[in-house]
Amino acid sequence: MDRADLHDDVDKALAGDEPALRRLVAVLTPVIQARVARSLLLWRTGTAAGRDVRQEVDDLTQEIFLLLFAENSKVLRSWQPERGLTLLNFVGLVTERRTASFLRTGRRNPWQEDPTLTEELDRTSPEVGPEELAASREQMKLLLRRLTEELSPLGRHLFDLLFLRELDQAEVVAQTGLSPDAVYAWRSRLRRLVRRLLTEISARTSED
Amino acid sequence: MNDDDRWLRELAQVANDEKLAGETRFDGRWDRLSAGDLSSEEEAALRALAKTSEDGREAYKAFRPLGPEFQARVVQKLREQIPRPSPAPVPEPVPDPPAPLPFPWPVRRISVWLGSGAAAAAAAVLLLIFVPPIPRYTPHPSGGVQAMRGAQSDQLGTLVPGSTFDLLLTPQTAVSGDVVVRCFLARGSELRPWPVPETAIQKVGGGVLRIHGTVGSEIVIPPGGWTLWAVVGRPRALPDAAALRAHLARSQTRARGWEALKIDLKTE
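Chains as they are written, first to last, in my numbering: chain A, 1 to 208; chain B, 1 to 268.
Treat each hint with caution, since some may be false.
[Unchecked claim] When the alpha-carbon atoms are kept at most 30 Å apart in a straight line, the in silico DSS-like pairs for lysine-lysine are as follows:
#: 1; chain 1: A; residue 1: 74; chain 2: B; residue 2: 51
#: 2; chain 1: B; residue 1: 77; chain 2: A; residue 2: 141
#: 3; chain 1: B; residue 1: 51; chain 2: B; residue 2: 61
#: 4; chain 1: B; residue 1: 203; chain 2: A; residue 2: 74
#: 5; chain 1: B; residue 1: 77; chain 2: B; residue 2: 51
#: 6; chain 1: A; residue 1: 141; chain 2: B; residue 2: 262
#: 7; chain 1: B; residue 1: 19; chain 2: A; residue 2: 141
#: 8; chain 1: B; residue 1: 77; chain 2: B; residue 2: 61
#: 9; chain 1: B; residue 1: 77; chain 2: A; residue 2: 12
#: 10; chain 1: B; residue 1: 51; chain 2: A; residue 2: 12
#: 11; chain 1: B; residue 1: 19; chain 2: A; residue 2: 74
[Claimed, not checked] If you want the ones that stay clear, here's a sample from chain B, every Cβ over 10 Å from chain A, calculated:
#: 12; residue: 8
#: 13; residue: 39
#: 14; residue: 62
#: 15; residue: 66
#: 16; residue: 189
#: 17; residue: 222
#: 18; residue: 245
#: 19; residue: 249
#: 20; residue: 251
[What the hints assert, rightly or not] Covered stretches of chain B (chain A as the covering partner; in silico rule of three or more C-beta atoms under 8 Å from a C-beta of chain A):
#: 21; region: 20 to 28
#: 22; region: 160 to 173
#: 23; region: 208 to 220
#: 24; region: 252 to 264
Calculated from the structure, these hints are not laboratory results. No experiment lies behind these values; they were computed from the predicted model shown. The beta carbon of each residue, even a glycine, is placed where N, CA and C say it ideally should be.
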């Protein structure tokens, strides 16, 4: 199915067209399943690792679909192809985020629009020096998991562009269609989010 | 580089390392297994892995296609969740043309007598009589930044640069024919057109319209509190700012062929 057909089917499925919905489910099922499977097999620990993986894959894959279409398909409607994420990548990031949340809490938590955009983020980000935030490799992995859980697909895409691929401002603007101010704002939000999560993880570690 | 960027770059390195480790442990064959796209040799290799190691067995169970029964079950659940358009309504009868005016002169002579300007106004009035009506519409705004974590995510938060704005306009029943939207911003006694780029407006089908974009990019609104009036209707029936102001002054938000939907906004 080419990209234009897929866009078309998304629109039709959102309008309640059942044949389009079937086609969309057929295209997205292996993408979601593979991401769920990979995440569970790589990240499950402790008692979670003892549960039947097939059943968990089935349950979580179904849950991702329900999440995409819940509340008037709010999550699926938040996909903006002009931001540089294909539908399959977008759905893949939604899947990773939800799976990370489930593995950490064991619960099906409500989907958050983008917690990096909440005003509360500023109030709960105290200044902490680097010596207080020294983190082991395991803590960095945990931090990455928390970041995956907290970021929306767009936020994760920007993290990948800015810090994984280390694109400069102009390149990120060109790839996402965001304004330079918006990219700058995202960079600041990502910094504040990492600071908050590091503090959270360090506090939890010192309590252990 | 400040310390936060250093952490972010280290995180990115960890992400990259994890991605490579994941790809080494579960290469592309496993994704193709889920998609049902394996060659017979590849499938045989993965089955052999499943027979010889616990990890392989677990992976085979996890990635094996979920199958058509799973997909049918998902479609069934989604059907219960997605609002479906009502069956195409029987179109409302277009009213018969009004009875000829009891003038002794033919209409052609009327236009000459009235003058072309007045005749154009009369023609516009007649045109409006024949505009097909539209059902009631409901606005569904979402996006922006919620003030409190855990706030209902289907409510509209404060619109800050970089946040998304989504406005879905849904009719009570499916609509045939062209329906468009024209937007206005109001504050106090001010009412002004609010141009939205065509690329930000989507006609979903059945009369459903969607305005979607990024604040500061497609969606540009001056800071402060505003009332957005999204006027949905037939292209030829939509009021301009002056006409809308007059209708709103009479508390009238709906007329033949259009309806004005009110959404309160706050921007920074």
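So, going through the hints one by one against the coordinates:
1. 74/A - 51/B: Violated: residue 74/A and residue 51/B sit about 43 Å apart, past 30 Å.
2. 77/B - 141/A: 35 Å, violated
3. 51/B - 61/B: With a Cα-Cα distance of about 12 Å, the restraint between residue 51/B and residue 61/B holds, given a limit of 30 Å.
4. 203/B - 74/A: 17 Å, holds
5. 77/B - 51/B: Distance of about 35 Å is beyond 30 Å: violated.
6. 141/A - 262/B: 47 Å, violated
7. 19/B - 141/A: Distance of about 12 Å is within 30 Å: holds.
8. 77/B - 61/B: 24 Å, holds
9. 77/B - 12/A: At roughly 17 Å apart (the allowed maximum being 30 Å), residue 12/A and residue 77/B satisfy the hint.
10. 51/B - 12/A: 43 Å, violated
11. 19/B - 74/A: Holds, at about 29 Å.
12. 8: The assertion about residue 8/B is violated, with a minimum of 5 Å to chain A.
13. 39: Non-interface label stands for residue 39/B: nearest chain A Cβ at 16 Å, farther than 10 Å.
14. 62: 4 Å, violated
15. 66: With a cut-off of 10 Å, residue 66/B comes too close to chain A, as the shortest Cβ separation is near 6 Å.
16. 189: 31 Å, holds
17. 222: 15 Å, holds
18. 245: Given a closest Cβ separation of 31 Å, the condition holds.
19. 249: Correct as stated: the minimum Cβ-Cβ distance to chain A is 33 Å, above 10 Å.
20. 251: 29 Å, holds
21. 20 to 28: holds (count 4)
22. 160 to 173: holds (count 7)
23. 208 to 220: Holds, because 6 residues of the region 208 to 220 of chain B bring their Cβ atoms closer than 8 Å to Cβ atoms of chain A.
24. 252 to 264: violated (count 0)
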